[in-house]
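A.B. asks: With chain L's structure known, arrange chain P on it following the hints.
There are 2 protein chains.
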Amino acid sequence: MAPKYKLYYFNGRGSAEPIRYLLSYLGEEFEDVRYKFEDWPTIKPTTPFGKVPILEIDGKKYPQSVALSRYLGKKAGLGGKDSWEDLQIDIIVDTIGDIRQDMSGILVEKDEKVKAQKKEKFANETISFYFEKLEAIAKANNGYLANKKLSWADIYFAAALSVFSGAAGKDIVSHYPNLAALQKTINSNPRIRTWIDKRPKTDF
Amino acid sequence: MAPKYKLYYFNGRGSAEPIRYLLSYLGEEFEDVRYKFEDWPTIKPTTPFGKVPILEIDGKKYPQSVALSRYLGKKAGLGGKDSWEDLQIDIIVDTIGDIRQDMSGILVEKDEKVKAQKKEKFANETISFYFEKLEAIAKANNGYLANKKLSWADIYFAAALSVFSGAAGKDIVSHYPNLAALQKTINSNPRIRTWIDKRPKTDF
Numbered sequence: 086m087a088p089k090y091k092l093y094y095f096n097g098r099g100s101a102e103p104i105r106y107l108l109s110y111l112g113e114e115f116e117d118v119r120y121k122f123e124d125w126p127t128i129k130p131t132t133p134f135g136k137v138p139i140l141e142i143d144g145k146k147y148p149q150s151v152a153l154s155r156y157l158g159k160k161a162g163l164g165g166k167d168s169w170e171d172l173q174i175d176i177i178v179d180t181i182g183d184i185r186q187d188m189s190g191i192l193v194e195k196d197e198k199v200k201a202q203k204k205e206k207f208a209n210e211t212i213s214f215y216f217e218k219l220e221a222i223a224k225a226n227n228g229y230l231a232n233k234k235l236s237w238a239d240i241y242f243a244a245a246l247s248v249f250s251g252a253a254g255k256d257i258v259s260h261y262p263n264l265a266a267l268q269k270t271i272n273s274n275p276r277i278r279t280w281i282d283k284r285p286k287t288d289f
Numbered sequence: 086m087a088p089k090y091k092l093y094y095f096n097g098r099g100s101a102e103p104i105r106y107l108l109s110y111l112g113e114e115f116e117d118v119r120y121k122f123e124d125w126p127t128i129k130p131t132t133p134f135g136k137v138p139i140l141e142i143d144g145k146k147y148p149q150s151v152a153l154s155r156y157l158g159k160k161a162g163l164g165g166k167d168s169w170e171d172l173q174i175d176i177i178v179d180t181i182g183d184i185r186q187d188m189s190g191i192l193v194e195k196d197e198k199v200k201a202q203k204k205e206k207f208a209n210e211t212i213s214f215y216f217e218k219l220e221a222i223a224k225a226n227n228g229y230l231a232n233k234k235l236s237w238a239d240i241y242f243a244a245a246l247s248v249f250s251g252a253a254g255k256d257i258v259s260h261y262p263n264l265a266a267l268q269k270t271i272n273s274n275p276r277i278r279t280w281i282d283k284r285p286k287t288d289f
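Chains L and P, in that order, are what the protein sequence lines are. Residues in the first sequence are numbered consecutively from 86, following our numbering. Residues in the second sequence are numbered consecutively from 86, following our numbering.
Isolated chain L, as found in the complex:
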């Protein structure tokens, strides 16, 4: 019997979106639970390590979005052929994690003026710094981010991109032809397209 999946997060794409993309790519049904912020203090102590996203697999709850994405990516046949190829994939995914960390200051900022400044800095400095390098990597890898072939790093990137664009408040990929093409490739996958079309509309 196919495993039963239930994903717990807030009402946003955030760090849950790569898991949603990968479950969709796999063709797996999943229940997409979205907590209200006001309920979080009550829910937090019931989670494995006080954080979401959490993926429930056959009734048991597992935290850590990157670990879960790697697991689902391998299940989808999108891992490397050996641990050397996996290293190249993991380097990309953890680098996307560094971008995410630079972004997190925007989301929690309450002062609208400071928030706008942080958005500008994120789009003009952080994204430029990383995307120039990722663009060069994609160019050297047949348009993919590792090992010259599709991997779960590419799906992870496309999902994260939908969050980064939201946080930056504008398109951030069109200046990078290989990254823009990669985004298009991933988002055109019929199952991922279906997910994007049906997902709740949120800012990021």
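Be aware that one or more of the hints could be misleading.
Each pair may be met inside one copy or between any two copies, as identical chains are not told apart.
Stated by the list, open to error - Heads up, simulated DSS-like pairs for lysine-lysine below, C-alpha to C-alpha not over 27 angstroms straight-line:
hint	residue 1	residue 2
1	Lys283	Lys136
2	Lys234	Lys136
3	Lys195	Lys136
4	Lys200	Lys91
5	Lys121	Lys91
6	Lys195	Lys206
7	Lys233	Lys136
8	Lys166	Lys145
9	Lys195	Lys224
10	Lys234	Lys160
11	Lys200	Lys283
Think of the hints as simulated: they come from the structure by calculation, not from any bench.
C.D. replies: Chain P alone, transformed into the frame defined by chain L:
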């Protein structure tokens, strides 16, 4: 011929220490390059993504400490037997990464009074929160952090612990018998012991 390793970081244990532990466990020689902070602005633009640690393998430079630790851990035969076991290992390692992130505010704090407060909070709140849960996991897993057997997550933990203790400014593990025993097991490995004895003395 065995690969030639060169590790680049600052003069500290930090996020490079798990790589040093794993290379030592593997019995691999490595050149341990320690940058001076004042040289970093010049060096940073020459790195793959503006960050250290970087491991040079046969003349090519690779970033991302967790990705590199996973690669070396698997090389040492300390990965899971399948991707399900790898998921359990990766959950632990990324959770240790969350602790590291909570710690990072201490290291950059310039105000000595605020730094002391942050140290207290880290030791009394962050460490207690996570170590209680990790202690229960170790208790349920024959003293290890995943899959009831030694994995690279255990070595990663012992290396990170040497950093967390330094940042907290005190012993943080003695109240957790399974974690304390695990630390002892890892640090008693003869090759890791040799590394600990010869490494430069730094605060964290």
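A.B. asks: Each of the hints needs a verdict: does it hold here or not?
C.D. replies: How the hints compare with the structure:
1. For the homomeric pair Lys283 and Lys136, the shortest alpha-carbon distance inside one copy (25 angstroms) is at most 27 angstroms, but the shortest distance between copies (38 angstroms) is not.
2. When the C-alpha separation of Lys234 and Lys136 is checked against a cutoff of 27 angstroms, the pair qualifies only between copies, where the shortest distance is 26 angstroms, while the shortest distance within a copy is 33 angstroms.
3. Taking the shortest Cα distances, Lys195 and Lys136 sit within 27 angstroms of each other inside one copy (21 angstroms), while across copies they are farther apart (29 angstroms).
4. In this homomeric assembly, Lys200 and Lys91 never come within 27 angstroms of each other (Cα to Cα): the closest approach is 33 angstroms inside a single copy and 41 angstroms across copies.
5. Taking the shortest alpha-carbon separations for Lys121 and Lys91, only the intra-copy value of 16 angstroms comes in at or below 27 angstroms, while the best inter-copy value is 48 angstroms.
6. In this assembly of identical chains, Lys195 and Lys206 lie within 27 angstroms of each other by CA distance both inside one copy and across copies; the values are 16 angstroms within and 24 angstroms between.
7. Taking the shortest Cα distances, Lys233 and Lys136 sit within 27 angstroms of each other only across copies (24 angstroms), while inside one copy they are farther apart (34 angstroms).
8. Taking identical chains as interchangeable, the C-alpha atoms of Lys166 and Lys145 lie at most 27 angstroms apart only when they sit on different chains, with a minimum of 20 angstroms there against 29 angstroms within one chain.
9. In this assembly of identical chains, the alpha carbons of Lys195 and Lys224 never lie at most 27 angstroms apart, being 39 angstroms within a copy and 42 angstroms across copies at closest.
10. Taking the shortest alpha-carbon separations for Lys234 and Lys160, both the intra-copy value of 17 angstroms and the inter-copy value of 23 angstroms come in at or below 27 angstroms.
11. For a Cα distance limit of 27 angstroms, the shortest separation of Lys200 from Lys283 qualifies neither inside one copy, at 29 angstroms, nor across copies, at 47 angstroms.
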